[in-house]
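Asker: Can you join these two chains into the complex? Each is in its own frame, and there are hints to help.
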Amino acid sequence: MFIAFLAAFLIYLAIDAALSAAALYHLRQYTMPDWQAARLIVPIYLALATLFALLALYELWNIPFADFGTSFDLRQFLPPAR
Amino acid sequence: MIKLYPTEIVLLVIRRHWIVFVAPMIGFVIALVAPAALLIASAVIPALGVVAEFAPFWRFFYACYLLAVLFAMLEFWVKYYLDAWIITDQRIIAIEQHGLFHRSITEIAMERVQDVTIVVPGLLATFLGFGTITVQTASESRYTIRHVPDCYRAKDLILKHSRTPRTDVPHEPNAQIMGG
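Read top to bottom, the protein sequences are chains P and U.
Under this note's numbering, the residues of the first sequence are numbered 1 to 82, in order.
Under this note's numbering, the residues of the second sequence are numbered 1 to 180, in order.
For the record, the hints were derived by calculation from the structure and aren't laboratory data.
Each computed SDA-like pair below joins lysine to any residue, with the alpha-carbon atoms no more than 20 Å apart: (1) U:K160 with U:T137; (2) U:K160 with U:A109; (3) U:K3 with P:A38; (4) U:K79 with U:R146; (5) U:K3 with P:R28; (6) U:K79 with U:G27; (7) U:K3 with P:P33; (8) U:K79 with P:L46; (9) U:K3 with U:R103; (10) U:K79 with P:S20; (11) U:K79 with P:Q36; (12) U:K3 with P:Q36; (13) U:K3 with U:E96; (14) U:K160 with U:Q114.
So, partial list: chain U residues that the calculated Cβ filter (under 7 Å) puts toward chain P: (15) P56; (16) A63; (17) C64; (18) L82.
From the three backbone atoms N, C-alpha and C, an ideal C-beta is built for every residue, glycine too.
This is chain U alone, in the form it adopts within the complex (with noise of 0.2 Å):
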């Protein structure tokens, strides 16, 4: 579970557009429709008959390969929904879920911003309005999420926060940590 300090508040969650989902899904409907309709196929074209005559198994296996291809869509979509930025009154939380069993999260105090970078390839991301938002920080490393809706948003959000300046923050190593 994400670990908030007790005065932090969430800003903003950012994930990536549904633009992202479009390929892998016509991929998956492919994959789910394909050999379905090669089995309801096979009942009337004779040059078919080889899938015919095994159409027992054929259904075995095609509902072992539903199992499968429900699994893939659940691990794309596990991977899509935590991978994540969790924009905070005090810091950013990057969240960069690489596979079921790689993730890397970074967090970037917003005092330690430096500048924001938004960009907008293209028309269709123009038109869409998603972007790339890239942040610096003051010891130069660079954070960069992709495929972000509201991109102008997450980018005023984050520099309003970043110049905020604050008393409150608890820096210390011990500070208490609440959940939720």
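Bound conformation, chain P alone (with noise of 0.2 Å):
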């Protein structure tokens, strides 16, 4: 359950880090060079997408997987036995 969850947290990051280099490109790519907002947004950006990746990674870690499998057999979808 642990590596299911884990495998689609980073499927996740690894579609928002795109879209987020690709507009962080926009930034760079089309001002003029004494637009100074852009250079101040972006290590602003970066910090807090950081934190939060941080913060969920740090939270699927403390999922309690072994305790809501006990209660979530899937087992208990099966038929049952003859």
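Answerer: This is the structure we're talking about:
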């Protein structure tokens, strides 16, 4: 269960990173040299995004999958044994 | 990078008025606060026991959700920031950022500007001082930018420079281009 969540999270993170890179590339490519706000936003965004990504990873690590595993036993969805 | 001619001077960069931020910012604040409030309330209100039971999952999903909202805010701001009119002494560079991967750039030579119209639509626009500027060119094309702060100044500037005779404008296709 943990591995599945981790894989999904990493895919999500990769998509977010790709879109963020595209947005930041646009800021770099299509601004004039004296447009300072663009240069200010980039480190702020990167710091916040890294913080949230680390927070998500920390929370993922702290999910007690074993506890939930007992109450969500997948075997309950199997047909009854004869 | 936007390129300017060697002798070209940027007179004004027009971006939309801060009023365009109000509605999206309310949306972003609600989007950020509502799930956190639900998570906190679940610890107190017994009816929300289901949420409390899965609190570790919700905290993880909320952190992922924060990443998505942060990106949505960045995308909105990038669209706002790159959607601008750059008025120079030789031309108007009208940049329209429709989406992250969809933008259009129009260059209007100052001598082609025929009419400049401003519309201040309503009470709020009058008090906050924003309006719509429409530039009509000699080829009868119309270019419009909405929510322009200080639109009277922009109109005066465009009209002044569109009426100024120029001798040193590099019209040749091979004219030297420089950055900045």
